[in-house]
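K.L.:
In order, the protein sequences belong to chains A, B and C. The first sequence: position 4 = 4 (our numbering), numbered continuously. The second sequence: position 247 = 247 (our numbering), numbered continuously. The third sequence: position 124 = 124 (our numbering), numbered continuously.
Please keep in mind that the hints were generated in silico from the structure rather than gathered at the bench. Heads up, the beta-carbon is just placed ideally off N, CA and C, and yes, glycines get one too. Do not rely on the hints blindly, as some may be mistaken.
[To be verified] Chain B side only, calculated, beta carbon under 8 Å to chain C, not exhaustive: (1) I81; (2) F100; (3) V108; (4) A117.
[Said to hold, decoys possible] Rough simulated footprint, nothing fancy, chain B against chain A, three-plus residues with beta-carbon under 8 Å: (5) 72-83; (6) 108-114; (7) 255-262.
[What the hints assert, rightly or not] Straight line, CA to CA, 30 Å or less: simulated DSBU-like cross-link-like pairs of lysine-lysine: (8) A:K75 with C:K64; (9) A:K4 with A:K150; (10) A:K140 with C:K195; (11) C:K195 with A:K150; (12) C:K176 with A:K74; (13) A:K140 with B:K153; (14) A:K128 with A:K150; (15) A:K20 with C:K198; (16) B:K153 with A:K278; (17) A:K180 with B:K153.
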Amino acid sequence: MRIKVEDLSYVYSPKTPFEKVALDGVSFTVKEGDTVGIIGSTGSGKSTLCQHFNALIRVTHGKIYVGDVDISSKKTDLTALRKQVGMLFQFPEYQLFDDTVAKDVQFGPLNFGFDREEAARLAAEAIKMVGMDYDEVKDKSPFELSGGEKRRAAIAGVIASKPSVLVLDEPTAGLDPIGKREILELVKELKKSFCKTVIMISHNMDEIAANCNRVIVLHDGKLLYDTTPEELFADPEAVARTDLGYPHSVHIKRLLEAKGVKLDTAALDADSLLEALKRRYCV
Amino acid sequence: MSDKNCETGHAEGAVIKVDNVSYDYRSGEHVSRGVRGVSLVVNRGEFVVLLGHNGSGKSTLAKLLNGFVVPDEGTVTVEGIDTRDNERIYELRAKVGMVFQNADNQMVASVIENDIAFGPENLGVPREEIEKRITWALDAVNMSEHRKRSPNKLSGGQKQRIAIAAILAMYPDVLILDESTAMLDPKGRAEIMETIQRLNKEKGLTVILITHYMDEAIAADKIFVMNEGRVIAEGTPREVFSATDKIAEAKLELPVASKISAELRRAGLDIPFALTDEELTEGLCGLK
Amino acid sequence: MRDITLGQYYPADSFTHKLDPRVKLVLVIAFIVMVFLVKNLIAYAAVILCVVLGTLISRIPISKVLKSIKTIIFLVLFTAVLNLLFYKGDTVLWSWWRISVSLEGILFSIKMALRLILLVMGTTLLTYTTTPTGLTDGMESLMYPLKLIKVPTHDIAVIMSIALRFIPILSEEVDKIMMAQKARGASFDTGGIVKRAKALLPVLIPLFVSAFRRADELALALDARCYNATPNRTRYQIMKPTYRDLIAVAGTAAFIVLVVALNMNFWGAYVPSESLWWLFS
């Protein structure tokens, strides 16, 4: 599913003393199969932008096309759109509400018009997909689960309706290393099956560099760069402007380069840096 | 923990002693593991980090340190006060200040200076003295210009610095941060790390940081690694980080530089184990 | 985007801002009584003067004051129109079916509109110039007689203060949860009343869970800060009436006397000319 954003602007509380321009003439296209990282400091407009993709914020200026559908139109079928574009918020465990995990995960599919049987089947699939034992957890209250399990159940609730686009707002915030790894693995799994297009907001440059094939850099509501992680992190001026720093692996590569050691890698993750170092030093 | 206190200074030595402590959470029939057979000592002026993944027992240990929970077995003493001593519990809590995960849930007033005054007010500190403490505490976390403002418009890191100031105003001897960096973005985390390291170095405050981010432990004097309620490794950052099997057992993740240096050493390269990007670079350049 | 933590508090360094919150609370109550005492338009003029002076002294920008009126303007217009059309007056200017517009009706609806606007302007003056902490401390102090009969007035004040702090946090949380559930296909604005109420469960339950989780952490945080450590709690924010409070009280009292006097037409000492009767009715 391709997403095309054309000249998108958004103003909070327009024509009041609290007026704030959140997005200012942003245009870019997300191709099917892309994993796009959206980065920028707090208040740069990342969340506002992402909430446009499934019309949680309606387009007020500019256009957005999801596939061929113009979602800026007032007549957009919101239910169909939200079924297609799934959205995972920060701390998704705070949205759990039903008395059993199975019912909670079925909430989305039922809202999106699947019948009970189909919804139950989708829920079972999703719960397995996030790595939980369906039979063990299905009748448990979501509030009895451990912190990590809660987050997984909540994610199951978002992916149960098999969205073809998934938008993640800081998916790993507050998680320990295992939790982080699990979520990023899950995103890779999803990309192999029904969810080909992924858009993620993150402050963690290591995650962006290792997982995204494209990055969109926002600054004060404007699109600053639409590029690849290789190019962004190879451009010190761009990194300085984003105020977000380098991924650790790129940082190490740059320190080595400053001492005259050239490496044949963009060093976007620890593994590729390690391989390059082995090639350079272990012969 | 006033500047004056620091000058006169107490003798070097143990501030907190945890002696073979076990504690389980019980609700009705249900028992869940807290900590098992933990012993540790924190000395005055140290920067100590408790590392562990979620559910490793590190937060339970924190709650044992200021008497929120008391041990089933063993004893916890803070400057000689047993945490079971109900008569002295407030004295103990004023000595061992604790900051939690979510700064929003720790503030009681809508204006920052009033929030910071809350602790000293509860301790019966005279008004003029509270005034001084607010000024001092806000200065210590570099938030003086926000004194008369509302905490709501602040960033996560700034809110957490206010939460720290609110504890500092009680002049504690020990500051415990119970996963206070977990919900922050990298910038907020950096702010908190800078603040607590400065308080530790300049004001001699004893700091206990509880976290699952290993990179926050690099500057520690001493690290305790927890897993399944037990301390499975302890020592200096270099000792603990290089015990890679223990780190794996604790389900933690080494900083990139440490991971790479460990792998390269395993591959036969003669470089020192690195804690930071700079150390790794130096080690590699030393090879030539 | 407005910061509702501070309620409407508008930080400034004015005479009114420095007044003792207790005095302000009492004065506002006196002001409300005064507004309800007012009978004729000339007395209204005195009250308007009182509010305008108060606003000027407080250094509240006029735009802020207008904004507070804007929130009630619909109510004001609505009641004014009703009063205008249904007030039974003697001097009928126009009538149709049961509706009639009379001169007395016009006067009455103007007075009612003025009364509402003045009430809002006067009370917002209190909230604009007093921090929530000031308000809760003031109320706690005014509740002192209750403390003598063992009512825990300090706990009540702490609860009020915490409530004021958490209202904006929880309202933000409601927005977040609603967004998350909308993203899962929930709809909050379709169907009948039962369906809509049911649709709120996925918002209310997470909200309660979150509120309890916050309350748990807050309880620990209160303990960590030695809440109830000593009965001899001290107070950072002192409230001590100064000469300013005396001036404010005297000023308000003067206005009340003036209003009463105008109401009674200076005890009949002044006989208005025929053409000015409407000012004094």
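K.L.:
Closer than 8 Å, Cβ to Cβ, for at least three residues: run that test on the stretch 255-262 of chain A against chain B and report holds or violated.
P.N.:
holds (count 4)
K.L.:
Take a quick look at whether K153 (chain B) and K278 (chain A) sit within 30 Å of each other, Cα to Cα.
P.N.:
Answer violated: K153 (chain B) to K278 (chain A) is near 48 Å, above 30 Å.
K.L.:
Is it true that the CA of K140 (chain A) sits at most 30 Å from the CA of K195 (chain C)?
P.N.:
Given pair K140 (chain A), K195 (chain C) holds - Cα atoms ~26 Å apart, limit 30 Å.
K.L.:
Quickly compare the C-alpha distance for K128 (chain A) and K150 (chain A) to 30 Å and report which way the hint goes.
P.N.:
Roughly 14 Å separates the two Cα atoms, so the pair holds.
K.L.:
Against chain C, run the beta carbon of V108 (chain B) and see if the smallest gap drops under 8 Å.
P.N.:
At about 5 Å, which falls below the 8 Å cut-off, the nearest Cβ of chain C leaves the hint on V108 (chain B) intact, so it holds.
K.L.:
Please check whether F100 (chain B) passes as an interface residue: C-beta within 8 Å of a C-beta belonging to chain C.
P.N.:
F100 (chain B) check passes; min Cβ-Cβ to chain C is 6 Å, inside 8 Å.
K.L.:
Could you grab the alpha-carbon distance between K195 (chain C) and K150 (chain A) and see if it respects the 30 Å cut-off?
P.N.:
OK: K195 (chain C) and K150 (chain A) at ~28 Å, within 30 Å.
K.L.:
Straight-line Cα separation of K180 (chain A) and K153 (chain B) no greater than 30 Å?
P.N.:
At roughly 29 Å apart (the allowed maximum being 30 Å), K153 (chain B) and K180 (chain A) satisfy the hint.
K.L.:
Holds or violated: the hint that I81 (chain B) contacts chain C, with Cβ atoms closer than 8 Å.
P.N.:
violated (14 Å)
K.L.:
Given the hint that K75 (chain A) pairs with K64 (chain C), does the C-alpha gap stay at or below 30 Å?
P.N.:
The hint is violated at about 38 Å.
K.L.:
Need the status of pair K140 (chain A), K153 (chain B): alpha-carbon distance at most 30 Å?
P.N.:
Distance ~39 Å between K140 (chain A) and K153 (chain B) Cα, so the pair is violated.
K.L.:
Verify the proposed pairing of K20 (chain A) with K198 (chain C), using a straight-line Cα cut of 30 Å.
P.N.:
violated (35 Å)
In summary, the numbered hints that this structure violates are 1, 5, 6, 8, 9, 13, 15 and 16.
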